[in-house]
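**Q** For the protein sequence lines, the chains are A and B, in the order given.
The first sequence begins at 1 in this note's numbering and counts up by one.
The second sequence begins at 1 in this note's numbering and counts up by one.
What the hints contain is simulated information worked out from the structure, not anything from laboratory work.
Treat the hints loosely; a few may be bogus.
Unchecked claim - Examples of chain A residues lying across from chain B (beta carbon under 10 Å, computed): (1) L32; (2) L127; (3) L128; (4) F169; (5) G197; (6) Y200; (7) R254; (8) L275; (9) L281; (10) L283.
Unchecked claim - Covered, in the sense of this in silico footprint (three residues per stretch, anywhere, with C-beta under 8 Å from a C-beta of chain A), are these stretches of chain B: (11) 52–58; (12) 177–183; (13) 206–212; (14) 285–291.
To be verified - The calculated label-pair distances, taken between Cβ atoms and stated as ranges, are: (15) B/L47 <-> A/G202: 28 to 38 Å; (16) B/K224 <-> A/F74: 48 to 58 Å; (17) B/L159 <-> A/L281: 44 to 54 Å; (18) B/F80 <-> A/G140: 18 to 28 Å.
Ideal placement from N, C-alpha and C gives every residue a C-beta, glycine not left out.
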Amino acid sequence: MSQLSNLEIGGVPFWQNRNVRRALYNAIVYALLIGIGLIILLPLSWMLTAALRGEGETVFTVPTSWFPTESFHFENFLRVLTYESYPLWRPTLNTLFLVTLNVIGTVLSNSLIAFAFARLRFPGRDLLFRIIVFTMLLPGAALLIPSFLLFNQLGWYGTYYPLWVPAFFGNAWSIFITRQYMRSFPRDLDDAARIDGCGYFGIYRYIILPMSKPVLTVLAVFTIVGVWNDFTGPLIYLSNSDQFTLAIALDYFRRSAFSTMSVNTTNLVMAASLLSVLPILILYFFLQEYLIGGISSVGLKG
Amino acid sequence: MADIQQMSVRTSNIRQEPKKMRLARREAIAAYLFISPWIIGFVLFLLIPIGISLYASFTRWTLIGPPPRWVGFENFEQIFTRDRYFWPSIRITLEYILLTLPPGLVLGLSLALLLNQKVAGIRIFRTIFYIPAVVSGVAVAILWLNLFNSEVGAINQVLRTLGVVDPPNWLQSTQWVRPAVAIMSLWGIGGTAVIYLAGLQNIPVHLYEAAEIDGASGWQAFWKITLPLISPTLFFMLITGLIGSFQVFTPALILGQGTGGFFSPSTELRFYLVHLYTVAFREGKLGMASALAWIFIIMSGIVTFIVYYTSEKWVYYEESGENNVTAIKS
Chain A
1 MSQLSNLEIG GVPFWQNRNV RRALYNAIVY ALLIGIGLII LLPLSWMLTA ALRGEGETVF
61 TVPTSWFPTE SFHFENFLRV LTYESYPLWR PTLNTLFLVT LNVIGTVLSN SLIAFAFARL
121 RFPGRDLLFR IIVFTMLLPG AALLIPSFLL FNQLGWYGTY YPLWVPAFFG NAWSIFITRQ
181 YMRSFPRDLD DAARIDGCGY FGIYRYIILP MSKPVLTVLA VFTIVGVWND FTGPLIYLSN
241 SDQFTLAIAL DYFRRSAFST MSVNTTNLVM AASLLSVLPI LILYFFLQEY LIGGISSVGL
301 KG
Chain B
1 MADIQQMSVR TSNIRQEPKK MRLARREAIA AYLFISPWII GFVLFLLIPI GISLYASFTR
61 WTLIGPPPRW VGFENFEQIF TRDRYFWPSI RITLEYILLT LPPGLVLGLS LALLLNQKVA
121 GIRIFRTIFY IPAVVSGVAV AILWLNLFNS EVGAINQVLR TLGVVDPPNW LQSTQWVRPA
181 VAIMSLWGIG GTAVIYLAGL QNIPVHLYEA AEIDGASGWQ AFWKITLPLI SPTLFFMLIT
241 GLIGSFQVFT PALILGQGTG GFFSPSTELR FYLVHLYTVA FREGKLGMAS ALAWIFIIMS
301 GIVTFIVYYT SEKWVYYEES GENNVTAIKS
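The shape of chain A in the complex, shown without the other chains (with noise of 0.2 Å):
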């Protein structure tokens, strides 16, 4: 009330009036906001419906219905994990054991590496990082059948070492990151460390490692999400179903289940791919400044 009075006071016509054009700015804003924000909501909200329907319930209804509202059909989740015919508890074991032994690999070798290029001085670190950096540009796809040739030459072909041990040696981007992060730390910490007798693993354990806890937790989110989420590496390496990750048993059971089924399956086909996104969605929102900072701070991704 007191503010449109304003307005009249002021002898100017509403519209320019500063406190209106920022409302309405702002309304603008609000509005582009939340159309976007429900273009991206609405399919995970489709998903989540459909997923919730139940046997022999039409899934795809005339008209949409985006929001689950009759049915709420939560065992689904619980069929889809024992189904008879692929049971997807399995796969969800089998991913669980090749992200914890990625993050493992991960957080321990590229601490190692990050350290001596951050914090030692030693012959050739300028042309060896610079090497790092370029390694970083090449992109994973041109790697895919020269690796494939090695692994298949060492026998690996039907295992999970290909998915897990070279997270043990090193990776350019993570090494990066890791190793801006640590240089960031004062000299004298090091100095001090070796004045009270700290050998260089002891400055790496105790002194630097601790501090780098944010960068690493940015190197163990990231690893999670992309071996989560990783479709490439067990299409290619895998062979046995009882050996498939979440990913790639997904688009198995998606495609037995259309096959075998005589009835429609796309509530299960849905409730399975949510089963297999809820639990990096959980992780991302607890953890989402830790992905969303190390994205940014880097300006790249994977």
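We have chain A; now place chain B onto it with these hints.
**A** Chain B only, in chain A's frame:
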């Protein structure tokens, strides 16, 4: 103890030198031990595979069957002249890049500008926009497979409500299947918006303040300040987008149901990497696939070369300070 050391440093340079060298050598040995995993990995998982595949590209090397046989340039010759999928795969990949990259760059930047607005609750929206970037590509593709269903799928229902009488057949249509994949990939554009956002937040605020004092409109500030200062990020995204789009794979395998069968892609979605995958693992021609991989390595090498040798002009690695990140030079 410290006094004696100091004295010896002051009095005798000759005695100090070997000790310093000994320390330096110890440090170097320790350092090489620390980085040894990377050196081993670099040789084992990068140099050797690349070497093997270079050799393989000149051989007839099959998944199962006789040992590799040297055939010279036959694989390359066959790819460039007789492979009926090679040039189409390049063409549809380039077409896909045209379909996704320019809209992706514009939308990504627009989204970042929107997320850079100082309004209440903006972090919630940032969280939402980024969701597609973390969820599994397979689950997303399966989801869109259903959304794109031409009869009862949600997208065509929306289109019909909007008055489109005859909406596209999407995945069943040779004309619309690639736009469908492009739309799906643009749904995940929030992932790149976050990178632009970091670039935007690196722009010093005082520039905008100065512009406002000088009476510049928001529009002018965008063209004269934001765009020039964000251009390094834009260029970076262009290059990575170019290489990234050449690797489109998962959606093509999931969405391209094609002739049926386990993981056999349709012709319409035979992008470069899909073609390479098919040659290697469907047809078992590893030698030929190695040649295709090498063509890809050389192509992306050219792009990478451009990035690397011009990067000094737009990227610098900040040497010190708390903000120890790759900053985009302004």
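**Q** The structure should be examined with respect to each hint, and the outcome stated for every one.
**A** Consistency of the hints with the structure:
1. The interface hint given for A/L32 is met, as the beta carbon of that residue sits about 6 Å from the closest beta carbon of chain B, less than 10 Å.
2. A distance limit of 10 Å between C-beta atoms decides the matter here; for A/L127 the minimum to chain B is near 12 Å, and the interface restraint is violated.
3. Using the Cβ-Cβ criterion of 10 Å, the hint placing A/L128 at the interface with chain B is satisfied: the shortest such distance is roughly 7 Å.
4. Hint status for A/F169 relative to chain B: holds, with the closest Cβ pair at about 3 Å, below 10 Å.
5. With 10 Å as the threshold, the beta carbon of A/G197 stays out of range of chain B, its nearest partner Cβ sitting at about 13 Å, so the hint is violated.
6. Proximity of A/Y200 to chain B holds as hinted, the smallest CB-CB distance being about 4 Å (cut-off 10 Å).
7. Here the hint on A/R254 is kept, as its CB sits about 6 Å from the closest CB of chain B, short of 10 Å.
8. The criterion of a C-beta within 10 Å of any C-beta in chain B is met by A/L275, whose closest approach is roughly 9 Å, and the hint holds.
9. Against a cut-off of 10 Å between C-beta atoms, the interface hint on A/L281 holds, since the closest Cβ of chain B lies about 7 Å away.
10. Checking A/L283 against chain B by beta carbon gives a least distance of about 8 Å; that is within 10 Å, so the hint holds.
11. Given a C-beta distance limit of less than 8 Å, the hint that chain A covers the segment 52–58 of chain B holds, as 3 residues qualify and 3 suffice.
12. Given as covered by chain A, the segment 177–183 of chain B fails the check, having 0 residues with a CB less than 8 Å from a CB of that chain where 3 are the minimum.
13. Counting residues of the segment 206–212 of chain B whose beta carbon lies closer than 8 Å to any beta carbon of chain A gives 0, which falls below the threshold of three, so the coverage claim is violated.
14. Counting residues of the segment 285–291 of chain B whose beta-carbon sits less than 8 Å from any beta-carbon of chain A gives 3, enough to reach three: the coverage restraint holds.
15. A hinted range of 28 to 38 Å holds for the C-beta pair B/L47 and A/G202, which are about 33 Å apart.
16. Distance hint check for B/K224 and A/F74: the Cβ-Cβ separation is about 55 Å, which falls inside the suggested range of 48 to 58 Å.
17. Separation of B/L159 from A/L281 is about 28 Å and departs from the stated range, judged on CB atoms against 44 to 54 Å.
18. At roughly 25 Å, the beta carbons of B/F80 and A/G140 sit within the given window of 18 to 28 Å.
Hints 2, 5, 12, 13 and 17 from the earlier list are contradicted by this structure; the remaining hints agree with it.
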